[in-house]
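Sequence order for the protein chains is A, B and C. Quick note on numbering: the working numbering labels position 239 of the first sequence as 239, and the sequence is numbered without any gaps. Quick note on numbering: the working numbering labels position 216 of the second sequence as 216, and the sequence is numbered without any gaps. Quick note on numbering: the working numbering labels position 51 of the third sequence as 51, and the sequence is numbered without any gaps.
Mixed in with the good hints there might be a few duds.
Across the chosen pairs, the derived CB separations fall in these ranges [stated by the list, open to error]:
1) B:Arg285 to A:Asp15: 53 to 59 Å
2) A:Gly23 to B:Leu271: 28 to 34 Å
3) C:Gly105 to B:Arg296: 23 to 29 Å
4) C:Ser179 to B:Val9: 49 to 55 Å
5) A:Val19 to C:Trp102: 47 to 53 Å
Just a sample of chain A residues kept apart from chain B, beta carbon distances all over 12 Å, derived [unchecked claim]:
6) Gly23
7) Val48
8) Asp73
9) Gly85
10) Ala118
11) Leu127
12) Asp200
13) Ser215
14) Ser240
15) Ile246
16) Leu256
17) Ala257
With the Cβ distance kept under 10 Å, some of the chain B side facing chain C (calculated, not the full set) [as the list claims (entries may be wrong)]:
18) Asp129
19) Phe147
20) Val287
Hints listed in this document are in silico derivations from the structure and should not be mistaken for laboratory results. Just so it is clear, CB atoms sit at the ideal spot from N, CA and C, and this is done for glycine as well.
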Amino acid sequence: MHKNQPRKVRLQVDDVAYVYEGGTRTHALEGLTLAVHDNEFLAVVGPVGCGKTTFLRIVAGFLTPTRGTVLCDGSPVRAPGAERGYVFQEDAVFPWMSVQDNLEFGLRAKGAAPAERAAVAAELIRLIGLQGYERAYPGELSAGMSKMVEVARVLATDPSILLMDEPFGSLDAQTRGQMQDELHRLWEKRLKTVVLVTHDVDEAICLADRVLVFSPRPGRVKAEVAVPLPRPRPLELRLSPEFSAIKRRIWAELGLAEAS
Amino acid sequence: MRSPGRRRVVLGCVSVAVLVCFYTLVSNVGRLVDAELLPEAFARLSRPDLLPPTQDIFKAVVSLVTGELPPMEGHHAHPSGHVSQLVEQHVTLQGALLASVLRVLFGVAVGGPLGILTGFVLGWNRTADDYLHPIYVLLRSIPSLAFITYVMLWLGHGEAHLLIPIVYAVFTTVVIPTYHGVRDLAEVYVRAARSLGAGGRLLFARVILPAASPAVLSALRYSLIIAWMTTVGVEMLMGDDGIGHLLVGGGLWSSRLQIGVDPAVIIVGILALAAAGYAMDAAARIVSDRVTFWARRRRAW
Amino acid sequence: MVAALRSIRVRRGLVGLLALLALYGLAAQIASGRLPTRVSLAKHDIEGVELLPTYSSLVEEGVFLVQAGILLEGAAVSTGRVLAGLLLGSVVGIVLGLAMGWAAGLEYALDPWVVLLRFTPALALLPLYVLWFGLGEAAKVGLIATAVAVVTLQGAYQGVRGIPGVYWDAAAALAAPRSLVLRRIVLPSALPQILASLRIAIALGWVTVIAAELIKPSMPSLGYLLALAGAYPRVPTIVIALATIALLVLVSDGLTLAAYRWVTRWMRRRHA
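Start from the sequences and build out the full structure, keeping to the hints where you can.
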């Protein structure tokens, strides 16, 4: 759907390899090359241990690739920074700060004035529908709400690209569904470049424009599946034949089903 | 701990009451019953100088608090040499307790921050940790009280050589929990903060410090007990005042070995000590709970 | 990478230690001509005191102490007391701790006394024990045992209370008899906590034995050696005694840590 117009490349990954030195050397990634375009929602799926989390950590700057380059907005990635926002699988909201303080944290790091911080935080709270919870502490929130606060916290610094590592992995199925809807709604309003790593194929198809399937270790891009489904994507979409066809294709690449 | 409830309070009180009554009985047996009627082992056990009768304990408390010897009431009632010596030296229970409390507080006030700082440095800076950790492990293996013999040679017989072991004991108690608090607990938070653009001072003050605070505060709370132990020890060895000094009968090092110790005084001293320690721990717990309220929250679902 | 890291860490650690030893040697050499050799103690002054003994005098003293049997005998006696107190105290502490963890009634009844003992430094009991048990071994071993019991009781209690509720439910659902639950569920689950508390207890045991031996010295023992060396004073002996104590503490701590790691390997694998 978006491929007709030439779009700016936000993230360029070239021939990246990563080796874990340990008791046994593990080649987590080998020859990984991909590009992410502006305002594209990219999902990455793959079998367990295929290196998708390692890949995301490299893009974020937590790890340095053994070989290859990663360019974000043209400049090489060397360390974590606010241009590449990261949402974790575990609970990463700061439990000793209120929701408001959490949201303001990134702006505080940037040196923004208190008034500006408060304004941005207020807008985000409205966006995620948690009005009234400004002074609440994460311990008082449900897991889903807490995760939304984390997403909003990352959005507060207006990053170029949003990296999400199985953000809803620790939530129960029902909450996960709700959160996926929320994320979709947020993305539509705030249009950002997103790279989502997930093991949930349904989630990938529901949210993404394009799904990359990683090969088993050592990981590289095995296949690319476009998701030309129209937005918005309500829940019923998961029952449609187009959805199933895309799912079948992805499952075939993962070796879970026969390609039709 | 199981949740407090009426059953807990009742059983606790009953248990204390039962034991006190039982003890009063046993310790007074010598006075109530003729010695020949008792089995020998029992008679030996219930001698008033081994098991002070409850009344004597009360009398000792009174003497030590008021600083006066009780009036003579006949041959049962003369105070022990221990009590007399203490009263002669104008040692009171509350005075001794105060002196010890001050030492404990000093030890925590100085040793605590030093230990926290060291724990932070070692936990945060992997290089420093690599170089310094073995040295630390070596130094903390030496019991704090053992140092006093050496320190005394440098600093003489003043207050410093009493306080240094206390400070050292608190220091070594606090370093390792702080170290683990910084290293093990804060990882995902540090990563999150970094990817939000935080660095340096903001990262330290707003992320690392709070994340490690539960471990640090609980270490400080535990160090109170250690500080008490060391304080009592140094006072027993070399102090001029304080509860430890009271427990061994006052006087200088050389004379301590000579007087007979009065168990009533010991029991009084121990009760006072435990009460003070418990009170300080309770205060520390309240403060610590208030500051780290967020660490114990359970999720809504 | 782990194996390589470990050797970097080990190498750096050794460098640190060697640097410390070298610094000390240097300081001792510089000091030997300059520090005052007269020390005033309580009532009198002593001459000829070496405040920072050089390595040569340490070695000389060490050889003498070992050959005269003083050091080894003292170490053996002190270690023996620690072990005896540890054995006695941990048996009492663990049994009581497990019992209190299991039965609420027992916990409520005994709690006031446990709290009293927890806030009473073991040393405060020393004069009492000496009065009751005389100046022999019983008082000192009893003191160590008391300190150890308090700590291990806490550890065993926490170990039992920390067992996830699901395990109790699972056992009940399988109608397991109490003895089986105790042996196969409670003990293994509580073991890590118990071992962790044992580690603390050993350190505490050493502190207590040295303190007790300093306060009521009896020969031969390391505390006595230390006290004597302090009173004399003979600084090289002090340093050697301190070093010996440190070594014994390190070894016993290391052994307990190894035991802890070995026992909890099944726990750690789960989280891998």
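Q.
Which constraints among the numbered hints does this structure fail? Numbers only, ascending.
A. Failing hints, ascending: 2, 4, 9, 20.
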